[in-house]
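Dock chains B, C and D against chain A, hints included.
Protein chains in written order, with the working numbering: chain A, 332 to 472; chain B, 332 to 472; chain C, 332 to 472; chain D, 332 to 472.
By construction, these hints were calculated from the structure, which means they are not laboratory data. Any given hint could turn out to be false.
[Claimed, not checked] The list that follows gives simulated cross-link-like pairs (lysine-lysine, DSS-like), each with its CA atoms no further than 27 Å apart:
no.	chain 1	residue 1	chain 2	residue 2
1	D	Lys404	B	Lys380
2	D	Lys380	B	Lys429
3	C	Lys440	C	Lys380
4	A	Lys440	D	Lys440
5	C	Lys380	A	Lys404
6	A	Lys440	A	Lys380
7	C	Lys380	D	Lys380
8	B	Lys404	D	Lys404
9	C	Lys404	A	Lys380
10	B	Lys380	B	Lys404
11	B	Lys440	C	Lys440
12	A	Lys404	C	Lys404
13	A	Lys380	B	Lys380
14	D	Lys380	D	Lys417
15	D	Lys404	D	Lys429
16	A	Lys429	C	Lys380
17	C	Lys417	C	Lys440
18	B	Lys404	D	Lys380
19	B	Lys380	D	Lys429
20	A	Lys380	C	Lys429
21	B	Lys429	B	Lys404
22	B	Lys417	B	Lys380
[Said to hold, decoys possible] A short, non-exhaustive set of chain B residues, derived as facing chain D with CB atoms under 10 Å:
no.	residue
23	Gln339
24	Met341
25	Trp342
26	Gly343
27	Asp344
28	Glu358
29	Asp361
30	Gly362
31	Leu366
32	Glu369
33	Ala370
34	Gly376
35	Phe396
36	Arg400
37	His402
[Said to hold, decoys possible] Partner residues are not named here, just some residues of chain B that face chain A (Cβ under 10 Å, in silico):
no.	residue
38	Asp346
39	Ile350
40	Tyr401
The beta-carbon is built from N, C-alpha and C at its ideal position, and this holds for glycine as well.
4 protein chains.
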Amino acid sequence: MENIVERQIMWGDLDALGIVFYPRYYEWIDGCGHLFFEALGLNIGRLWKERNILFGLAETSCRYFRPGRYHQKIRICTRIEALERKTLVLQHDIRNVKGDERMVLGLEKRICMDVSHPDDLQAMHIPADLFAILDRARPSA
Amino acid sequence: MENIVERQIMWGDLDALGIVFYPRYYEWIDGCGHLFFEALGLNIGRLWKERNILFGLAETSCRYFRPGRYHQKIRICTRIEALERKTLVLQHDIRNVKGDERMVLGLEKRICMDVSHPDDLQAMHIPADLFAILDRARPSA
Amino acid sequence: MENIVERQIMWGDLDALGIVFYPRYYEWIDGCGHLFFEALGLNIGRLWKERNILFGLAETSCRYFRPGRYHQKIRICTRIEALERKTLVLQHDIRNVKGDERMVLGLEKRICMDVSHPDDLQAMHIPADLFAILDRARPSA
Amino acid sequence: MENIVERQIMWGDLDALGIVFYPRYYEWIDGCGHLFFEALGLNIGRLWKERNILFGLAETSCRYFRPGRYHQKIRICTRIEALERKTLVLQHDIRNVKGDERMVLGLEKRICMDVSHPDDLQAMHIPADLFAILDRARPSA
Numbered sequence: 332m333e334n335i336v337e338r339q340i341m342w343g344d345l346d347a348l349g350i351v352f353y354p355r356y357y358e359w360i361d362g363c364g365h366l367f368f369e370a371l372g373l374n375i376g377r378l379w380k381e382r383n384i385l386f387g388l389a390e391t392s393c394r395y396f397r398p399g400r401y402h403q404k405i406r407i408c409t410r411i412e413a414l415e416r417k418t419l420v421l422q423h424d425i426r427n428v429k430g431d432e433r434m435v436l437g438l439e440k441r442i443c444m445d446v447s448h449p450d451d452l453q454a455m456h457i458p459a460d461l462f463a464i465l466d467r468a469r470p471s472a
Numbered sequence: 332m333e334n335i336v337e338r339q340i341m342w343g344d345l346d347a348l349g350i351v352f353y354p355r356y357y358e359w360i361d362g363c364g365h366l367f368f369e370a371l372g373l374n375i376g377r378l379w380k381e382r383n384i385l386f387g388l389a390e391t392s393c394r395y396f397r398p399g400r401y402h403q404k405i406r407i408c409t410r411i412e413a414l415e416r417k418t419l420v421l422q423h424d425i426r427n428v429k430g431d432e433r434m435v436l437g438l439e440k441r442i443c444m445d446v447s448h449p450d451d452l453q454a455m456h457i458p459a460d461l462f463a464i465l466d467r468a469r470p471s472a
Numbered sequence: 332m333e334n335i336v337e338r339q340i341m342w343g344d345l346d347a348l349g350i351v352f353y354p355r356y357y358e359w360i361d362g363c364g365h366l367f368f369e370a371l372g373l374n375i376g377r378l379w380k381e382r383n384i385l386f387g388l389a390e391t392s393c394r395y396f397r398p399g400r401y402h403q404k405i406r407i408c409t410r411i412e413a414l415e416r417k418t419l420v421l422q423h424d425i426r427n428v429k430g431d432e433r434m435v436l437g438l439e440k441r442i443c444m445d446v447s448h449p450d451d452l453q454a455m456h457i458p459a460d461l462f463a464i465l466d467r468a469r470p471s472a
Numbered sequence: 332m333e334n335i336v337e338r339q340i341m342w343g344d345l346d347a348l349g350i351v352f353y354p355r356y357y358e359w360i361d362g363c364g365h366l367f368f369e370a371l372g373l374n375i376g377r378l379w380k381e382r383n384i385l386f387g388l389a390e391t392s393c394r395y396f397r398p399g400r401y402h403q404k405i406r407i408c409t410r411i412e413a414l415e416r417k418t419l420v421l422q423h424d425i426r427n428v429k430g431d432e433r434m435v436l437g438l439e440k441r442i443c444m445d446v447s448h449p450d451d452l453q454a455m456h457i458p459a460d461l462f463a464i465l466d467r468a469r470p471s472a
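For reference, chain A alone in the conformation it holds in the complex (with noise of 0.2 Å):
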């Protein structure tokens, strides 16, 4: 499964050479992370409140290929690039409409986090649930 967003490059978004400030992708990848799930029928903030999960960050990173300038129109595909008993890797391919270019690829490695308690976050096993939505959801299922 992949989730795709498609989404056009502001001004707000641009530094003072012209180009994207970094941070945005890392921005845009994070609300694509959340896409992902909700693509799987997984709603963060129900899983949140009903059931005191949150996938917490343990790494990211991106690497730039093109820069992103004004007005461009971006998609971003998503999927699952590891699944393991606590952790869930996510790449995000940010890639130029026009041309498919690729400018970013993204990877998010998130935590399965118990957050009963907001001051004392845990990692905990992903829950036999999830894990089998998540499992049929990687590209080789």
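Chains B, C and D only, in chain A's frame:
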């Protein structure tokens, strides 16, 4: 009472024209509002956790006099402009440290809220002890 | 003429109370201002590169009616509120798609600027061809 | 050489769980990269305007050890992790001032770019004078 915060304009604050992207001013103003409360001995985190009180936004505005540019040091002076039973207006005067020229004049009208039920925020009278602290901090006082 | 943009409130837009952190509204409003110009056939990137004209900010404001929350779909309607020789006021009405309740009413007063010399921005009369396009786009027109 | 920046976590840095929204770390890291250059006598604004050189991003990453929370004071130590003909890796170590516990370890791989033609950025060898300054600033040096 006036609270003064200094900061430097960074690359990530700029737009493609090389001047500050205006939502950044609001981020700084929000931060300076919190530090103003802090300077009065009112920690917003504790007001929330211990008394279920937060000062939410009813209205904000900024007038822009001169653009902020890379690397400039700015000074933000925050003071109470008005105080009523439920509301407080903070004025934030943002100036270039070099030359003391005004860049931005911002206002935040904040309203006292009972946040016991996060899904149903309610306006409330500012409690007497907080009102007294704020009243003493007014410039005329 | 009214330009309408829909978007969804994302995790990264929220503050610790679970409601939209208000500078985000200004980021969206700025984007909707650009898209409003675009809908009139005025691409801001081209105005800048080809004619050295940008519409900078003189004043912005927002009034907050209801908090935005995770995952809500919002609709932002942008229209001209006032048009003068050098300035333009855009009104941005932000509503919850579900129920059509107003969340935020934002204003941007933008001033026409000659940006030939980025270090010395100058206010200027709105050129006649642009003024005519903006004038026809007024709600009363 | 190590450059140290201290800052305080503000309300607007938090997500709905009350911990820092991770793209904020990248904004701070970017700023600390600029301040690191500055501490070496290399003002990025002048490198750009006078020599058409900027250090763009090839890759960034962060590992998250502990969540940042409201009002905490953090310390960001920046140093050179690697230096090659065209590229530079900066390491940013973000710690809680109280207790000196690591929160985040960030890396930025920056590539020297000729920005004479903003629409066609080109990688280039780091000029000898800049390379010498960076080389002397390495921790081993």
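Structure-based check of all given hints:
1. Lys404/D / Lys380/B: Since the Cα atoms of lysine 404/D and lysine 380/B sit roughly 19 Å apart, the hinted pair holds (cutoff 27 Å).
2. Lys380/D / Lys429/B: 21 Å, holds
3. Lys440/C / Lys380/C: Given that 27 Å is the threshold and the Cα spacing comes to 22 Å, the pair holds.
4. Lys440/A / Lys440/D: Holds, at about 19 Å.
5. Lys380/C / Lys404/A: 19 Å, holds
6. Lys440/A / Lys380/A: 22 Å, holds
7. Lys380/C / Lys380/D: Since the Cα atoms of lysine 380/C and lysine 380/D sit roughly 19 Å apart, the hinted pair holds (cutoff 27 Å).
8. Lys404/B / Lys404/D: 21 Å, holds
9. Lys404/C / Lys380/A: 19 Å, holds
10. Lys380/B / Lys404/B: 35 Å, violated
11. Lys440/B / Lys440/C: Since the Cα atoms of lysine 440/B and lysine 440/C sit roughly 20 Å apart, the hinted pair holds (cutoff 27 Å).
12. Lys404/A / Lys404/C: Judged against 27 Å, a Cα distance of about 21 Å means the pair holds.
13. Lys380/A / Lys380/B: 19 Å, holds
14. Lys380/D / Lys417/D: 20 Å, holds
15. Lys404/D / Lys429/D: 7 Å, holds
16. Lys429/A / Lys380/C: Between lysine 429/A and lysine 380/C the Cα gap is close to 21 Å, so the pair holds against 27 Å.
17. Lys417/C / Lys440/C: Cα-Cα ~10 Å, so holds.
18. Lys404/B / Lys380/D: Status holds; Cα separation ~19 Å.
19. Lys380/B / Lys429/D: 21 Å, holds
20. Lys380/A / Lys429/C: 21 Å, holds
21. Lys429/B / Lys404/B: Distance ~7 Å between lysine 429/B and lysine 404/B Cα, so the pair holds.
22. Lys417/B / Lys380/B: Since the Cα atoms of lysine 417/B and lysine 380/B sit roughly 20 Å apart, the hinted pair holds (cutoff 27 Å).
23. Gln339: 8 Å, holds
24. Met341: Holds. Min distance 4 Å.
25. Trp342: Status holds, d = 5 Å.
26. Gly343: This interface hint holds because 5 Å falls under the 10 Å limit.
27. Asp344: 9 Å, holds
28. Glu358: Check passed: Cβ of glutamate 358/B comes within 5 Å of chain D, closer than 10 Å.
29. Asp361: Where the cut-off is 10 Å and the nearest Cβ of chain D is about 5 Å from aspartate 361/B, the hint holds.
30. Gly362: OK, holds: glycine 362/B within 10 Å of chain D, min 4 Å.
31. Leu366: This hint holds: leucine 366/B lies near chain D, its Cβ roughly 8 Å from the closest one there, short of 10 Å.
32. Glu369: Cβ of glutamate 369/B sits 8 Å from chain D, so the hint holds.
33. Ala370: 13 Å, violated
34. Gly376: 5 Å, holds
35. Phe396: For phenylalanine 396/B, the interface hint is violated, since the closest Cβ of chain D sits about 22 Å away, which is over 10 Å.
36. Arg400: OK, holds: arginine 400/B within 10 Å of chain D, min 9 Å.
37. His402: Holds, about 6 Å.
38. Asp346: 6 Å, holds
39. Ile350: Nearest chain A Cβ about 9 Å off; hint holds.
40. Tyr401: OK, holds: tyrosine 401/B within 10 Å of chain A, min 7 Å.
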